[in-house]
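J.: Each chain is listed here by its residues.
2 protein chains.
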Amino acid sequence: MKRINKTELGDILLPNSKVRAFQHERDLVKRLWDHGFAVVRAPASGSKAKRIAYPDVVAIYKGRVIACEVKTVRKSRSIYLDGSQVDKLLEFSRRAGGDAFIAIKVVGSGTWLFIPIDKLEKIDSKRYKIPKELLNSGLHLEALVSVVKGVKRLTEFKE
Amino acid sequence: MKRINKTELGDILLPNSKVRAFQHERDLVKRLWDHGFAVVRAPASGSKAKRIAYPDVVAIYKGRVIACEVKTVRKSRSIYLDGSQVDKLLEFSRRAGGDAFIAIKVVGSGTWLFIPIDKLEKIDSKRYKIPKELLNSGLHLEALVSVVKGVKRLTEFKE
Chain A
1 MKRINKTELG
11 DILLPNSKVR
21 AFQHERDLVK
31 RLWDHGFAVV
41 RAPASGSKAK
51 RIAYPDVVAI
61 YKGRVIACEV
71 KTVRKSRSIY
81 LDGSQVDKLL
91 EFSRRAGGDA
101 FIAIKVVGSG
111 TWLFIPIDKL
121 EKIDSKRYKI
131 PKELLNSGLH
141 LEALVSVVKG
151 VKRLTEFKE
Chain B
1 MKRINKTELG
11 DILLPNSKVR
21 AFQHERDLVK
31 RLWDHGFAVV
41 RAPASGSKAK
51 RIAYPDVVAI
61 YKGRVIACEV
71 KTVRKSRSIY
81 LDGSQVDKLL
91 EFSRRAGGDA
101 FIAIKVVGSG
111 TWLFIPIDKL
121 EKIDSKRYKI
131 PKELLNSGLH
141 LEALVSVVKG
151 VKRLTEFKE
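Same order as they appear, the protein sequences are chains A and B. For the first sequence, counting from 1, position 22 maps to 22 in our numbering; every step adds exactly one. For the second sequence, counting from 1, position 76 maps to 76 in our numbering; every step adds exactly one.
Just so you know, these hints were derived from the structure itself, not from any lab. Wrong hints could be hidden among the right ones.
If chains are identical, the list can't say which one is meant, so a pair holds when it fits in one copy or spans any two.
[Claimed, not checked] Computed cross-link-like contacts, BS3-like style, restricted to lysine-lysine with a CA-CA straight-line distance of at most 27 angstroms: (1) Lys30 to Lys105; (2) Lys30 to Lys18; (3) Lys30 to Lys62; (4) Lys75 to Lys129; (5) Lys62 to Lys149; (6) Lys62 to Lys18; (7) Lys132 to Lys62; (8) Lys119 to Lys105; (9) Lys119 to Lys62; (10) Lys126 to Lys149; (11) Lys75 to Lys62; (12) Lys75 to Lys105; (13) Lys149 to Lys105; (14) Lys132 to Lys119; (15) Lys122 to Lys30.
Just need the whole structure built from these sequences, with the hints factored in.
T.: Structure follows, in structure tokens:
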């Protein structure tokens, strides 16, 4: 447990790296909320409930559910993900009857890009990859919102 | 900010009162998860996002959403709720297209009782009440699960 460089967040104490991750998640929550979604972000600690899959952010609009794992990049590049992280996201969205995405914030520009989970490349049993080209063709937030509010299923969306 | 009687919860530090509240929420999360729901509980701190309504626990089963505010009692008694808390829960469930409940744990017995939010008694502009008789007629967890998994809307359920 790291106790250096802690920052107060409400009445809890967290290492700065977690605070930064929270700030990005909170940015996503606010944007989706402003588009009319019901949104909830995962708690800081799921440590006692490891078998339960908490996505970073869950957004719901009239029964349509999207579950997101949040990543940040400073520039366009390939992204690698743990297989267990992807499996948890899939399990959550299967139960919820929703769609799962990796939500990537390009930190400099403030742009959010969404990659449907079924487009990830499986490298081996433990890792998935989002190649740079796939990231660049990601769905922008406004497009995601239109699709969810429309009649199409998200998985029918063609970039 | 209280810093006495803190307990470690994963890698964050919390006052014991919050830890106890979390343990009850986590119990509810686990039970709903074991019934096949996708479940998420709210983060410890929503302090920077006060205009965003986070229910304590959100559970989803194939697009059907239930949003819960969690309360605990040691014995059967009337319960009072802040109007703002009720308003936030209603706003979330309106956006999500779901149903809202006050989930009450009777601590001694471990029983959970669910009161649909439209059954609360409004006392004045700032407070709602769950009278003791209403609490006693609350929906048990198994009944709630059956209704959500069935074809009925939750609001059609008659005790």
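J.: Each hint should be assessed against the structure and marked as holding or not.
T.: Each hint tested on the structure:
| no. | hint | in the structure |
| --- | --- | --- |
| 1 | Lys30 to Lys105 | within (14 angstroms within a copy, 31 angstroms between copies) |
| 2 | Lys30 to Lys18 | both (18 angstroms within a copy, 25 angstroms between copies) |
| 3 | Lys30 to Lys62 | both (18 angstroms within a copy, 25 angstroms between copies) |
| 4 | Lys75 to Lys129 | within (16 angstroms within a copy, 53 angstroms between copies) |
| 5 | Lys62 to Lys149 | both (9 angstroms within a copy, 17 angstroms between copies) |
| 6 | Lys62 to Lys18 | neither (31 angstroms within a copy, 31 angstroms between copies) |
| 7 | Lys132 to Lys62 | neither (33 angstroms within a copy, 33 angstroms between copies) |
| 8 | Lys119 to Lys105 | within (18 angstroms within a copy, 42 angstroms between copies) |
| 9 | Lys119 to Lys62 | both (25 angstroms within a copy, 22 angstroms between copies) |
| 10 | Lys126 to Lys149 | neither (34 angstroms within a copy, 34 angstroms between copies) |
| 11 | Lys75 to Lys62 | neither (34 angstroms within a copy, 36 angstroms between copies) |
| 12 | Lys75 to Lys105 | within (10 angstroms within a copy, 48 angstroms between copies) |
| 13 | Lys149 to Lys105 | within (22 angstroms within a copy, 36 angstroms between copies) |
| 14 | Lys132 to Lys119 | within (13 angstroms within a copy, 52 angstroms between copies) |
| 15 | Lys122 to Lys30 | neither (31 angstroms within a copy, 30 angstroms between copies) |
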